[in-house]
Amino acid sequence: MDKFTTLTGVAAPMPLVNIDTDMIIPKQFLKTIQRSGLGKNLFDEMRYTQDGKEIPDFVLNQPAYRNAQIIVAGDNFGCGSSREHAPWALLDFGIRCVISTSFADIFFNNCFKNGILPVVLPQEAVDHLMDDARKGANARITVDLESQTVTASDGTSFKFEVDAFKKHCLLNGLDDIGLTLEKASAIDSFEAKNAALRPWA
Amino acid sequence: MAPRTLYDKIWDDHVVHQAEDGTCLLYIDRHLVHEVTSPQAFEGLRMTGRKVRAPEKTIAVPDHNVPTTQGRENPAQMPEESRIQVAALDKNAKDFGINYYPVTDVRQGIVHIVGPEQGWTLPGMTVVCGDSHTATHGAFGALAHGIGTSEVEHVLATQTLIQKKSKNMKVEITGSLRPGVTAKDITLSVIGATGTAGGTGYVIEYCGQAIRELSMEGRMTVCNMAIEGGARAGLIAPDEKTFAYVMGRPHAPKGAKWEAALAYWKTLFTDEGAHFDKVVTIRGEDIAPVVTWGTSPEDVLPITGVVPAPESFTGGKVDAAKRSLDYMGLQPGQKLTDIAIDTVFIGSCTNGRIEDLRAAAEILKGKKIKVKRAMVVPGSGLVRAQAEEEGLAQIFIDAGFEWRLAGCSMCLAMNPDQLQPGERCAATSNRNFEGRQGRGGRTHLMSPAMAAAAAITGHLTDVRELMGETV
Chain A
1 MDKFTTLTGV
11 AAPMPLVNID
21 TDMIIPKQFL
31 KTIQRSGLGK
41 NLFDEMRYTQ
51 DGKEIPDFVL
61 NQPAYRNAQI
71 IVAGDNFGCG
81 SSREHAPWAL
91 LDFGIRCVIS
101 TSFADIFFNN
111 CFKNGILPVV
121 LPQEAVDHLM
131 DDARKGANAR
141 ITVDLESQTV
151 TASDGTSFKF
161 EVDAFKKHCL
171 LNGLDDIGLT
181 LEKASAIDSF
191 EAKNAALRPW
201 A
Chain B
1 MAPRTLYDKI
11 WDDHVVHQAE
21 DGTCLLYIDR
31 HLVHEVTSPQ
41 AFEGLRMTGR
51 KVRAPEKTIA
61 VPDHNVPTTQ
71 GRENPAQMPE
81 ESRIQVAALD
91 KNAKDFGINY
101 YPVTDVRQGI
111 VHIVGPEQGW
121 TLPGMTVVCG
131 DSHTATHGAF
141 GALAHGIGTS
151 EVEHVLATQT
161 LIQKKSKNMK
171 VEITGSLRPG
181 VTAKDITLSV
191 IGATGTAGGT
201 GYVIEYCGQA
211 IRELSMEGRM
221 TVCNMAIEGG
231 ARAGLIAPDE
241 KTFAYVMGRP
251 HAPKGAKWEA
261 ALAYWKTLFT
271 DEGAHFDKVV
281 TIRGEDIAPV
291 VTWGTSPEDV
301 LPITGVVPAP
311 ESFTGGKVDA
321 AKRSLDYMGL
331 QPGQKLTDIA
341 IDTVFIGSCT
351 NGRIEDLRAA
361 AEILKGKKIK
371 VKRAMVVPGS
381 GLVRAQAEEE
391 GLAQIFIDAG
401 FEWRLAGCSM
411 CLAMNPDQLQ
421 PGERCAATSN
431 RNFEGRQGRG
441 GRTHLMSPAM
451 AAAAAITGHL
461 TDVRELMGET
471 V
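Protein chains in written order, with our numbering: chain A, 1 to 201; chain B, 1 to 471.
There could be a bad hint or two in this list.
[Claimed, not checked] Straight-line Cα separation of at most 20 angstroms, SDA-like style, residue types lysine to any residue; simulated pairs: (1) A:167 / B:165; (2) B:9 / A:199; (3) B:164 / A:176; (4) A:40 / B:439; (5) B:254 / A:201; (6) B:9 / A:190; (7) A:53 / B:439; (8) B:322 / A:46; (9) B:266 / A:16; (10) A:193 / B:24; (11) B:322 / A:45; (12) B:57 / A:181; (13) B:165 / A:190; (14) B:254 / A:198; (15) B:165 / A:162; (16) A:193 / B:322; (17) B:9 / A:183; (18) A:193 / B:439; (19) A:183 / B:22; (20) B:266 / A:181; (21) B:51 / A:186; (22) B:57 / A:164; (23) B:322 / A:16; (24) B:165 / A:165; (25) B:165 / A:187; (26) B:57 / A:165; (27) B:164 / A:48; (28) B:9 / A:200; (29) A:193 / B:240; (30) A:193 / B:12; (31) A:183 / B:54; (32) A:53 / B:420.
Treat the hints as calculated values from the structure; they're not laboratory data.
The following block holds chain A by itself, in its conformation from the complex (with noise of 0.2 angstroms):
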């Protein structure tokens, strides 16, 4: 997984609520075994017709954001199926950070696994965001996730919350099996305390 520490970028804007993972990347592509490739297809029937031609007003398809890095989204970002093929989609196109009121809880760990900073702010810092990202690609948003910190264009900064632990994993871009492994005897005597208490399972 890549590091994440800050990111200078242009920022998408997507005010619709509940953006779910069928929107961010339909079920005919999830029948691939690998993690890359997706990115032509992120948002797939919001970007093109059915003969597969870009439809122009579909905000990744203008000139100004084809290049975003971020994302700024209604609430509820995420919402639906589990399928990691929506972060992959994502990171693939080149989507590093995506900034809304709430995301649905699964996609949200998801984002954390592929190096995606998935920031929550406030409504009023989101409709600040939002009325910067309309400015197209002049106004760019710096996010720092050493200092917890999402910068707008006017230089207006609102700082976010997030877990230590997915921050750490994030910032060094770090392997989470590998560090479980390292508790391995923990989970050793836990199996053999659980034999014993419920041998059944």
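With the hints as your guide, set chain B onto chain A.
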């Protein structure tokens, strides 16, 4: 010890390690696996030379991608990509020595129906799967939730998950349901009341008389859609119905182990005075048969209602409702019962169990469908066999339904079972998102009885009218 909720108790019994900041390593008792969200996880194990830590606790079944038509054991029936994905699961199950139900096995079916059916899911367990509807297993008083593929790999390698504890939420359904109202109407009504983010950050415990009065099948329907309300998991405390359902199943404990298990399971309830961070109470008598009108599961209304005006909402929901109505081809003020239906889909992990098929067949008996297409996709090969034995299959076939083999089918439309653009479907599944059942397809969620009612009238219908019930 301070009074604890059911969630607190299951959590406490599975903590392997707790860090100072509260991050826990949680032990996982059962890991269910399907073909779509697992190939990259097994590949990760191969690349790092890691093994599956507890293959005996890992159960795999292909369901999302498989055809539901006869002759599907012939791989040539599947599109190339689907065939490769199912073949990858075949190989991974064999290479890593995990329990497996291939499509040729009568026990194959939707992973969340197979788990309970085979007795893998037991009260007090932690159950995960790379699928958001893992919440289903909460009906047994098991802490069950969906995970992403990276976490699938983590569980395969370590049999644990890194977790922070969620908050406790109680959803109480008091009193009894009225005739024609089902578990599906409960779970949709709760989401209608709390919204799709109302449960975010919580584990929900469903309780109250109306929940107690549900069968295990009904309880699975309720918990299944906890995720649609944003919750990490849904739970129902086990009781005599739970124990009766579990007893004698292939992987349920037997003899002395059964007795020991039963004694433990009887401790799995929320203590008097335990703290809930959020409480929602709904009167069972107030719940009507409901349908969804929009493209979010929170867009729920009683079937007696009309399509709402977007202006009746606030905030971002105004624009979302406009977009939904445009996508759904509906006008504000239109009576829900005037909405014509093209396709009926009965099945899914929400409503693909035997009781669901019985409820639909009861309405369909001796009738003919008035829709273009109707299909029943049993949740497992065993559900299918039982429905055939009970004569339900013949009722569906006589009514004009297609009688399919088990799988996820048109719930997510990964296989060829899809809606065409603009087609409108009465579905017993769990998501009405844009494009969910096929690009441009329009989904109305409802109970099996309501879907059957729509099938024979050709439009959304109040099932109570067909039952001779006064509304």
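Status of each hint after checking the structure:
1. A:167 / B:165: 17 angstroms, holds
2. B:9 / A:199: 18 angstroms, holds
3. B:164 / A:176: 14 angstroms, holds
4. A:40 / B:439: Answer holds: residue 40 of chain A to residue 439 of chain B is near 17 angstroms, not above 20 angstroms.
5. B:254 / A:201: Roughly 12 angstroms between the alpha carbons, so the hint for residue 254 of chain B and residue 201 of chain A holds.
6. B:9 / A:190: Measuring from Cα to Cα gives roughly 16 angstroms; hence the hint holds.
7. A:53 / B:439: 15 angstroms, holds
8. B:322 / A:46: 16 angstroms, holds
9. B:266 / A:16: Measuring from Cα to Cα gives roughly 46 angstroms; hence the hint is violated.
10. A:193 / B:24: 18 angstroms, holds
11. B:322 / A:45: Holds. Residue 322 of chain B to residue 45 of chain A sits at ~18 angstroms (cutoff 20 angstroms).
12. B:57 / A:181: OK: residue 57 of chain B and residue 181 of chain A at ~18 angstroms, within 20 angstroms.
13. B:165 / A:190: 19 angstroms, holds
14. B:254 / A:198: 13 angstroms, holds
15. B:165 / A:162: OK: residue 165 of chain B and residue 162 of chain A at ~15 angstroms, within 20 angstroms.
16. A:193 / B:322: Answer violated: residue 193 of chain A to residue 322 of chain B is near 56 angstroms, above 20 angstroms.
17. B:9 / A:183: Violated, at roughly 23 angstroms.
18. A:193 / B:439: 51 angstroms, violated
19. A:183 / B:22: Status holds; Cα separation ~16 angstroms.
20. B:266 / A:181: 34 angstroms, violated
21. B:51 / A:186: Holds, at about 18 angstroms.
22. B:57 / A:164: With Cα atoms ~31 angstroms apart, residue 57 of chain B and residue 164 of chain A exceed 20 angstroms; violated.
23. B:322 / A:16: Given that 20 angstroms is the threshold and the Cα spacing comes to 11 angstroms, the pair holds.
24. B:165 / A:165: Since the Cα atoms of residue 165 of chain B and residue 165 of chain A sit roughly 14 angstroms apart, the hinted pair holds (cutoff 20 angstroms).
25. B:165 / A:187: Holds, because 19 angstroms separates the two Cα atoms, which is no more than 20 angstroms.
26. B:57 / A:165: Not satisfied, since the Cα-Cα distance of roughly 28 angstroms exceeds 20 angstroms.
27. B:164 / A:48: Violated: residue 164 of chain B and residue 48 of chain A sit about 39 angstroms apart, past 20 angstroms.
28. B:9 / A:200: Between residue 9 of chain B and residue 200 of chain A the Cα gap is close to 18 angstroms, so the pair holds against 20 angstroms.
29. A:193 / B:240: 28 angstroms, violated
30. A:193 / B:12: Satisfied, since the Cα-Cα distance of roughly 14 angstroms is no more than 20 angstroms.
31. A:183 / B:54: Cα-Cα ~16 angstroms, so holds.
32. A:53 / B:420: 19 angstroms, holds
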